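Peer 1: The listed protein sequences derive, respectively, from chains U and Z. In terms of the working numbering, the first sequence opens at residue 1 and continues consecutively. In terms of the working numbering, the second sequence opens at residue 1 and continues consecutively.
Hint data in this document are derived by calculation from the structure and do not stem from the laboratory. Heads up, some of the hints might be wrong.
[As the list claims (entries may be wrong)] Below, in silico cross-link-like pairs of lysine-lysine (DSS-like), each with a Cα-Cα straight-line distance of 25 angstroms or less:
no.	chain 1	residue 1	chain 2	residue 2
1	Z	Lys111	U	Lys20
2	U	Lys207	Z	Lys43
3	U	Lys20	Z	Lys24
These numbers come from a predicted model, not from an experiment.
These are the residues of each chain, in order.
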Amino acid sequence: MSQKNETSSGVYRDPAFLLKRIAELEAEVARLKEPHEPKTAELDLSGDDSLQELGEARKRLEKIEEENREFASMYVQAQEQNEALSNLYVASQKLHATLNPSEVEKILCDILIEMVGAEDFGILLMDPQKKLLKLLAGEGVKDRLPSSSIAIGEGVIGDVATTGEPFFFEPKSVSERRAQLPLATIPLKFNEKTVGVIVIYKLLSHKQGFTTIDHQLLELVARDAATALVSARLQSTLGRKLRTIEGFMQLMKAEKR
Amino acid sequence: MSSKNLLVVDDSATTRMLITITLKKEASYRITEARDGTEAMSKLEREPFDMVVTDINMPNMNGLELIAQVRAKHKELPIIVITTQGEEGDRDRGLAQGANAYLTKPISAPKLLALVKELLLEKIESS
């Protein structure tokens with residue numbers, strides 16, 4: 001076994017190496033499973049030695065099959081991690097690709113629909129002076145929110161905005177499903193402060209629930225979306241102020257003439 | 001293995017990027033993107049493609065119209081349609097228009113890669 005492919009805990013990393021090893025083990029399993037015509041000179045079944053040999057061969061076969069299953073499982077894990085990394089990369093790239101606030105909102109909605117599979121969701125931003133959360137963008141959520149503005153600390157959504165801790169709800173019974181609680185409420189955090197909340201009420205019909213990749217994606221969104229939204233709004237505010245100042249200066253120049 | 005030219009059509013830049021990154025894991029795939037059916041038809045007229053991967057809900061020309069127009073001119077070109085809903089409607093309409101297969105969003109990268117490989121292999125074998 002190649003040293004560079006093996007970690008200190010004995011887990012192999014390189015997918016190409018794993019595939020090659022799986023193929024070798026499958027060939028060995030196939031060879032061991034082949035019907036073996038006993039040659040009298042080689043295998044005399046009347047003796048204890050041959051029974052022992054058979055037992056050992058069987059144990060070896062079981063061990064190889066077990067190894068085969070482990071490698072297949074590791075390969076599947078590597079594929080899942082690969083998929084998660086691709087999703088995280090795309091989400092991060094897109095969120096930080098623009099400083100236009102409406103484009104950032106659209107990209108965030110895109111990520112929630114296209115990558116997480118959310119059907120009814122909302123993005124709420126905090127008004128720190130009024131201590132309210134207001135709906136910024138979303139799909140199919142207006143009738144689901146308790147009101148157009150949610151006080152910080154009120155209900156599940158307001159609670160998440162206060163604590164800064166995400167909340168996930170997996171309804172198990174009919175009564176729990178009727179409760180109309182959001183399936184996920186994730187705080188948007190900028191410099192460790194909650195600046196908003198993402199609420200997901202419903203997933204696409206064929207999606208059973210949140211996967212590990214979804215949780216990782218929502219965690220990234222919580223950080224990066226907040227930064228992107230705050231940066232975009234700051235850029236927009238500064239742009240407006242700059243245009244105002246420029247307009248004022250042009251007016252002054254015109255008056256001087 | 002010769003390079004395969006794939007056309008990815010979706011109005012969501014995020015989805016286009018995700019599909020492109022997934023498909024580019026195969027070194028022999030060259031990916032071209034289009035934002036809607038109209039842009040896709042324009043690209044199809046300029047160069048040959050080995051496969052089209054298209055969303056359904058798009059502005060200007062939606063996926064169903066695109067599939068119909070592609071089938072009218074390229075009977076053998078493999079088409080994968082991507083549906084947002086798990087309902088049978090979008091899927092069945094896409095397949096009825098002539099798509100070879102469908103995938104539902106959110107897209108699973110291994111499923112997409114496996115489906116593309118399978119359809120390209122079928123195309124090679126049938127030609």
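Peer 1: For each hint, tell me whether it holds in the structure or not.
Peer 2: Hint by hint, here is what the structure shows:
For the given pair, Lys111/Z sits about 22 angstroms from Lys20/U by alpha-carbon distance, which is consistent with the 25 angstroms threshold. Simply put, Lys207/U and Lys43/Z have alpha-carbon atoms about 34 angstroms apart, too far for the 25 angstroms limit, and the pair is violated. A hinted pair counts as satisfied when its Cα atoms are at most 25 angstroms apart, and Lys20/U with Lys24/Z qualifies at roughly 22 angstroms.
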